[in-house]
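Peer 1: Listed below are the residues making up each chain.
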Amino acid sequence: MRKGTLRQILLITDGCSNHGEDPIAMAALAKEQGITVNVIGVLDQDVMDEHGLREVEGIATAGGGISQVVYAKQLSQTVQMVTRKAMTQTLQGVVNRELKQILGSNISMEDLPPEKRGEVMEIVDELGETVELEVLILIDTSGSMKTKLPTVKEALFDLSLSLNARMGDNLFSVFVFPGKQEDVEKILDWTPKLEALSSVFPKLTSGGLTPTGPALRQAISHFQKKRSLRSLIGRDESYFEESSM
Amino acid sequence: MGVMNPILKNRLCKLPAGTVIVGKWHKQAYKIVKPLGNGANGAVYLAESKKGLVAIKVSDSSTTITSEVNVLKRFSKVQGAALGPSLLDMDDWWDQKINRTIPFYVMEYIKGEDFFSFIRKRGKEWLVILVLQLLSALEQLHEEGWVFGDLKPENVLVAGNPPTIRLLDVGGTTLQGRAVKEFTEFYDRGYWGLGSRKADPAYDLFAVAMMMIHACYPTKFERKENGRKQLFTMIQADATLRKYEHVLMKAIDGSYVRAMDMKRELVAAIHHDVPRAGIKQSPSRKQHHKKKRSGMIETAFIVVTLLCMYALYLYGQIL
Chain E
11 MRKGTLRQIL LITDGCSNHG EDPIAMAALA KEQGITVNVI GVLDQDVMDE HGLREVEGIA
71 TAGGGISQVV YAKQLSQTVQ MVTRKAMTQT LQGVVNRELK QILGSNISME DLPPEKRGEV
131 MEIVDELGET VELEVLILID TSGSMKTKLP TVKEALFDLS LSLNARMGDN LFSVFVFPGK
191 QEDVEKILDW TPKLEALSSV FPKLTSGGLT PTGPALRQAI SHFQKKRSLR SLIGRDESYF
251 EESSM
Chain F
13 MGVMNPILKN RLCKLPAGTV IVGKWHKQAY KIVKPLGNGA NGAVYLAESK KGLVAIKVSD
73 SSTTITSEVN VLKRFSKVQG AALGPSLLDM DDWWDQKINR TIPFYVMEYI KGEDFFSFIR
133 KRGKEWLVIL VLQLLSALEQ LHEEGWVFGD LKPENVLVAG NPPTIRLLDV GGTTLQGRAV
193 KEFTEFYDRG YWGLGSRKAD PAYDLFAVAM MMIHACYPTK FERKENGRKQ LFTMIQADAT
253 LRKYEHVLMK AIDGSYVRAM DMKRELVAAI HHDVPRAGIK QSPSRKQHHK KKRSGMIETA
313 FIVVTLLCMY ALYLYGQIL
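Top line first, the protein sequences correspond to chains E and F. My numbering applies: residue 11 is where the first sequence begins, and numbers increase by one. My numbering applies: residue 13 is where the second sequence begins, and numbers increase by one.
For reference, chain E alone in the conformation it holds in the complex:
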């Protein structure tokens, strides 16, 4: 079994997009390219407005990922949990596809008798521990998100703590939107050390527009760029989607 790489976009936002393409369409595009999109909606008061809530769920569903709406305070626990859960979900999908190939029929782990599931689960666990992971974090800095940025930063350090405890390698990259000049701005390129974020984070300024769709589009292409660079130096790694196992 060859180990592939899991690719995830983690979108942290507090509301609705109001500029550019439909973010749900962009999430669907990501999914088609083997990138899972997870969304964390950060609450200001007790409720998120209906429209914002629907968008958060819509993006995650279209992106094949998980969404969760939380208060800023719970952000650390949530960010790491959503990421881990989404990994397991994706890997389970991969293992289910493998099962289908072996057993021919349309079978998934849930169709196996309980006694047989244990071994399948151990494979999923093992993969979750050892697989390489690339997470692109996309942070909404518009409007009221500004006050929550210190909490977001803390949650990201916590995420790297959880992921770096795994045996597999991790790469992180961080984008914010809106950027100073453009819709979206890269503040951290692919690195195994999310801690490098410290120095860039305090300098962020918040803008008025919320271009979630364009930000997602750029995030997807950032994965592509990395891949084409890799194929240039001849160590291209295939997606799980492309029968890498």
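Errors might be hidden in some of the hints.
[Stated by the list, open to error] Capping the alpha-carbon separation at 20 Å, the derived lysine to aspartate or glutamate pairs in EDC-like fashion look like this:
id : chain 1 : residue 1 : chain 2 : residue 2
1  : E       : Lys126    : F       : Asp250
2  : F       : Lys255    : F       : Glu234
3  : F       : Lys89     : E       : Glu132
4  : E       : Lys163    : F       : Glu197
5  : E       : Lys83     : F       : Glu60
6  : F       : Lys210    : E       : Glu195
7  : F       : Lys89     : F       : Asp101
8  : F       : Lys36     : E       : Asp121
9  : F       : Lys210    : E       : Glu132
10 : F       : Lys36     : F       : Asp104
11 : F       : Lys236    : F       : Glu197
12 : F       : Lys85     : E       : Glu129
13 : F       : Lys26     : F       : Asp107
14 : E       : Lys126    : F       : Asp101
15 : F       : Lys39     : E       : Asp179
16 : F       : Lys255    : F       : Glu237
17 : F       : Lys39     : E       : Glu192
18 : F       : Lys210    : E       : Glu129
19 : F       : Lys210    : E       : Asp135
20 : F       : Lys210    : E       : Glu142
21 : F       : Lys39     : E       : Glu125
22 : F       : Lys85     : E       : Glu164
23 : F       : Lys43     : F       : Glu60
24 : E       : Lys236    : E       : Glu195
25 : F       : Lys36     : E       : Glu120
26 : F       : Lys85     : E       : Glu125
27 : F       : Lys89     : E       : Glu195
28 : F       : Lys21     : E       : Glu67
29 : F       : Lys210    : E       : Glu136
30 : E       : Lys83     : F       : Asp101
31 : F       : Lys236    : E       : Glu136
32 : F       : Lys210    : E       : Asp179
33 : E       : Lys83     : F       : Glu257
[Said to hold, decoys possible] Computed footprint of chain F on chain E; a stretch qualifies when at least three of its residues, placed anywhere within it, have a C-beta under 8 Å from a C-beta of chain F:
id : segment
34 : 131 to 137
35 : 195 to 206
If you are wondering where the hints come from, they were derived from the structure by calculation, not from laboratory data. A virtual CB, placed ideally from N, CA and C, is assigned to each residue, including glycine.
With chain E fixed as given, assemble chain F onto it according to the hints.
Peer 2: Relative to the frame of chain E, chain F by itself:
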């Protein structure tokens, strides 16, 4: 509860008493009596079955159920240990009300009291005794290559007579060397900035120290800038904790490689044998007292010996 579909979450957390859960594969029936608790990934209920009262865990995710069952199966192989509840069944239930399959597993129902309420009721002297028991259980678990992970008072039950601790909720139980599967911030050394989330025995021992601190400071507190200093100050400010300062700080710093080492030093600290750094007030006076008394015994011994020798000498002279 964690990341879950809201309708399903609502259903799982609020199964009414009397609901009958029937397994699709093994055809066993379980009648819900009352809820026992909500975990991060599901809910646990007390239920009636043919074999008597049982605890049943339902979840939205087959993954969660399967992983936990895997751990419980391993636990059952560890003989004579009060590790987890024993596993009785695992199955799927077709819930007609929401038209979904709900995976579940059934385990032994342990009737007991949670760690903190037991101590509150029976007295603080139980804290260290229960902790010693906990350390023995952890030692066994670690020997088998596991780390409990989500160790917190809610997951430690005190049951039976004599009161004995049992570990519940194996959702966080992780193979050593891997990333801890599930944890609670307050008891997590990563949250306190005092170590990684890689599963090693010291990870659990940190949580044990936090349980002891929390037992003496019932109101939950949050981490400040320097976690270690904050905890150290709190330990020093509490009479009970101060007694175990040396052991607690070693657990917090991750200096114990084995639960047994921590247990040994904790026992020693109970008997004031451990040389402690830092402040020495009332305990040191007691030590002094003991020394004085043993000095008197020594003197008496010497006097008696001398008297005996003198008596022998006189006896010899008379003969």
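Peer 1: All hints, please: hold or fail.
Peer 2: Evaluated hints:
{"no.": "1", "hint": "E:Lys126 to F:Asp250", "in the structure": "violated (52 Å)"}
{"no.": "2", "hint": "F:Lys255 to F:Glu234", "in the structure": "violated (23 Å)"}
{"no.": "3", "hint": "F:Lys89 to E:Glu132", "in the structure": "holds (18 Å)"}
{"no.": "4", "hint": "E:Lys163 to F:Glu197", "in the structure": "holds (17 Å)"}
{"no.": "5", "hint": "E:Lys83 to F:Glu60", "in the structure": "violated (39 Å)"}
{"no.": "6", "hint": "F:Lys210 to E:Glu195", "in the structure": "violated (33 Å)"}
{"no.": "7", "hint": "F:Lys89 to F:Asp101", "in the structure": "holds (16 Å)"}
{"no.": "8", "hint": "F:Lys36 to E:Asp121", "in the structure": "holds (11 Å)"}
{"no.": "9", "hint": "F:Lys210 to E:Glu132", "in the structure": "holds (18 Å)"}
{"no.": "10", "hint": "F:Lys36 to F:Asp104", "in the structure": "holds (5 Å)"}
{"no.": "11", "hint": "F:Lys236 to F:Glu197", "in the structure": "holds (13 Å)"}
{"no.": "12", "hint": "F:Lys85 to E:Glu129", "in the structure": "holds (12 Å)"}
{"no.": "13", "hint": "F:Lys26 to F:Asp107", "in the structure": "holds (13 Å)"}
{"no.": "14", "hint": "E:Lys126 to F:Asp101", "in the structure": "holds (14 Å)"}
{"no.": "15", "hint": "F:Lys39 to E:Asp179", "in the structure": "violated (44 Å)"}
{"no.": "16", "hint": "F:Lys255 to F:Glu237", "in the structure": "violated (26 Å)"}
{"no.": "17", "hint": "F:Lys39 to E:Glu192", "in the structure": "violated (61 Å)"}
{"no.": "18", "hint": "F:Lys210 to E:Glu129", "in the structure": "violated (23 Å)"}
{"no.": "19", "hint": "F:Lys210 to E:Asp135", "in the structure": "holds (15 Å)"}
{"no.": "20", "hint": "F:Lys210 to E:Glu142", "in the structure": "holds (17 Å)"}
{"no.": "21", "hint": "F:Lys39 to E:Glu125", "in the structure": "holds (15 Å)"}
{"no.": "22", "hint": "F:Lys85 to E:Glu164", "in the structure": "violated (37 Å)"}
{"no.": "23", "hint": "F:Lys43 to F:Glu60", "in the structure": "holds (5 Å)"}
{"no.": "24", "hint": "E:Lys236 to E:Glu195", "in the structure": "holds (17 Å)"}
{"no.": "25", "hint": "F:Lys36 to E:Glu120", "in the structure": "holds (12 Å)"}
{"no.": "26", "hint": "F:Lys85 to E:Glu125", "in the structure": "holds (11 Å)"}
{"no.": "27", "hint": "F:Lys89 to E:Glu195", "in the structure": "violated (54 Å)"}
{"no.": "28", "hint": "F:Lys21 to E:Glu67", "in the structure": "holds (16 Å)"}
{"no.": "29", "hint": "F:Lys210 to E:Glu136", "in the structure": "holds (15 Å)"}
{"no.": "30", "hint": "E:Lys83 to F:Asp101", "in the structure": "violated (38 Å)"}
{"no.": "31", "hint": "F:Lys236 to E:Glu136", "in the structure": "violated (36 Å)"}
{"no.": "32", "hint": "F:Lys210 to E:Asp179", "in the structure": "holds (14 Å)"}
{"no.": "33", "hint": "E:Lys83 to F:Glu257", "in the structure": "violated (31 Å)"}
{"no.": "34", "hint": "131 to 137", "in the structure": "holds (count 4)"}
{"no.": "35", "hint": "195 to 206", "in the structure": "violated (count 0)"}
Of the numbered hints stated above, those contradicted by the structure are hints 1, 2, 5, 6, 15, 16, 17, 18, 22, 27, 30, 31, 33 and 35, listed in ascending order.
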